[in-house]
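I would like the entire structure built from these sequences, with the hints used as guidance.
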Amino acid sequence: MDLTPDEDQMALQTATNDWCRAHMPLAEARSRPEGLWPQLEMMGWVGMTAPAMDLDHPTEALVFAELGRFLAPVALLSSAVAARWTKFDGKVALALAGTDNIRLFDSHNATHALGLFDANIGSVNIDADCETRRSLDLSTSIAHLQSNPPVETINDPRAGLHLQLLVAAFSVGCADAARDMAADYATLRQQYDRPIGWFQSLKHICSDMAVRAAVARSQLYYAACALQAGESDAAFHVTAAKRLADQAALDNGRANIQVHGGIGMTDEASPHLCLKRAHLLQFLAPAESRILLADSP
Amino acid sequence: MDIGFSAEEMRFREQCRDWLHANIPAEIRPLDAADAIDFDKHWQRQLFDAGWAGINWPTDYGGRGLSIVQQVIWLEEYAKAHAPWIGANFVGINHGGPTLILNASEEQKAFHLPQILKGEAIWCQGFSEPGAGSDLAGIQTRGRIDGDELVINGSKIWTSFAHVADWQELVLRTEDGSRRHAGLSWVICDMHAPGITIRPIRKMSGQTEFAEVFYDDVRIPLNNVVGGLGNGWKVAMSTLSFERGTGFIADQVKQSEEISELISKARANGMINNDHIADQLAQMRAEVAALRAMTYRNISEVVRTGQPGPEASIIRLFTAELGQRLERMAVLLLGEVILDFAYGDDNAVHDYLRGFASTIAGGTAQIQRDIIGERLLGLPKSR
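So the protein lines, in turn, are chains X and D. Heads up, the first sequence is in my numbering, so the first residue is 23 and it goes up one at a time. Heads up, the second sequence is in my numbering, so the first residue is 1060 and it goes up one at a time.
It cannot be assumed that every hint is accurate.
[As the list claims (entries may be wrong)] Selected chain D positions facing chain X (Cβ under 7 Å, derived; list incomplete):
id: 1; residue: Met1060
id: 2; residue: Ile1062
id: 3; residue: Arg1076
id: 4; residue: Trp1144
id: 5; residue: Met1353
id: 6; residue: Pro1369
id: 7; residue: Ile1373
id: 8; residue: Ile1431
id: 9; residue: Leu1435
Everything labelled a hint here was simulated from the structure, so no lab data went into it. Quick reminder that beta carbons are idealized off the backbone N, C-alpha and C, glycines included.
Structure, rendered in structure tokens:
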């Protein structure tokens, strides 16, 4: 039993963080340049989950949490699951199946989209003339597929859990980003001649953000290990991880805006980027209470 | 990263399980400290004789010298088996003992540690005072040096098991005119010494477990100072991270048993059909799992680096608040039956009333949030 990253994993974590900081700053998530995706492909983050790469789920979770911290493109999630479970490589858009339509995210230059269709991972073709616009999450485009396209499904529940785990990792990163942004601001911003983080009312908001992020990250690690080991309760643990990570991302996203005060409500400041990302992630492979309440998880 | 245990650890787990299954007392542990003391001492002796006391304590002092992971496995199985709380031995085993291991002289360790493990010596903690609660550095109880003795005057409060204890980890001011963290010492105080008066205090749960302690010219040998005169704050803090990290594993496993029982109860009485209740139960099931994961992370950190990570204070706060939410849910599921509660009842209502302690004792939830904000996030110190 060991739930801390080893040296190789920590090195990969640091390298990912360094690259993101230099090439994919969070503040630019309001409008990602088109040239970013080819760079991500070149760095290996698109194909790293392919079976030939033999990467384990815990390491994946660590890397995706770092990518998520910088609000990396959400097509990384669908592309990663596609690389592992389908014949598609390269960019695969993210599909969110609703009751009467399918929403597509990051579909630029993608021929297929992948997401959960009922309980299974499935993929659809993307029409060439599909109209895209900005989503609530400014980092991604959104398109609506009105037709009922044929869905090619993968009948392996592990594929769905894989997507859920990676989305949870993105949420954990998003929660971390909001926590750090709030703590930085509470250290810098002065009122009553002292940093606002001196006041317990503000300090404790930040502490609660740290608690939520730590709780979610711990469960993410456990879930990744359970999925990797093929444990019988892996679905329970991945579901728990997704629920706690979504919550951490949403609650930290809101708290971060409050800590920032007036500037936190503006388009020019970054806090809303984390909150909006959290709202997108909460709908992807959502955590089902039914699984958490089952008799023997 | 992995969540598997080695073959040796799994064998150890089986041994724990088998022994507990065969030896857990049929008798229920009494609630009041004075009634429970014989039970507690006897059970601790039984644990010691079978080799389950001090699993990761040094062998020189009666421990088994095994790994912290094995200690965790024991605590997990202990809670799963619904073994009785170690009660009056809690302070010696979880706090006094570990502090002595880290800070005491050979002589002090050789004398006290085996007695703690055997349940022969009961310890209590003398930190809080009427005027020094969250602001612990405001301690006023004084020890005047007189030859090779300390002459102690003052009072302590909220001292669990004081009226049944033999020894106390007493933090007091030994330098005249010293302020705050300076000039404090950590002393082993003989609770049977002349000049000590103990006034037990009843809690709102009806239980009499803690007490106020008065010192009136109590004479304690200078030899009983641990870690050197004037180093009391450092000695007291040395085990706080231990307490915040791994001292609560039994509670956590108990919580995972509790949430499953609560879900079954809610299903049986139909309250699970209330979406709000179902959502809270689902939430707590996920949180209980995460708490175990967080504890495993912390233990892994201890194994890797020899120290608990800075997130230990998060575990402490989260365990306490999650425990209280579980206790509240248990009471909610009971409905108006809670009105039948009478002092002396040992049930969910009792646990609910007693559980208010967990966000107050050993550092309030508010102090824990200060620590998290200041030490983990680097926010400016407010005090």
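Comparing the hints with the structure gives:
Because the closest C-beta pair between Met1060 of chain D and chain X is about 4 Å apart, less than 7 Å, the hint holds. Among the interface hints, the one on Ile1062 of chain D holds; its C-beta lies about 4 Å from the nearest C-beta in chain X, closer than the 7 Å criterion. Here the hint on Arg1076 of chain D is broken, as its CB sits about 17 Å from the closest CB of chain X, past 7 Å. For Trp1144 of chain D, the interface hint is violated, the least distance from its beta-carbon to any beta-carbon of chain X being 26 Å, above 7 Å.
Evaluation of the Met1353 of chain D hint against chain X yields a held restraint, the C-beta minimum of about 4 Å falling below 7 Å. A hinted interface residue such as Pro1369 of chain D counts as satisfied when its beta carbon comes closer than 7 Å to some beta carbon of chain X; here the least separation is about 10 Å, so the hint is violated. Against a cut-off of 7 Å between C-beta atoms, the interface hint on Ile1373 of chain D holds, since the closest Cβ of chain X lies about 5 Å away. Interface restraint check for Ile1431 of chain D: the shortest CB-CB distance to chain X comes to about 4 Å, inside 7 Å, so the restraint holds.
At about 5 Å, the closest approach between the beta carbon of Leu1435 of chain D and any beta carbon in chain X falls short of 7 Å, and the interface hint on this residue holds.
Hint violations for this structure: numbers 3, 4 and 6, all remaining hints satisfied.
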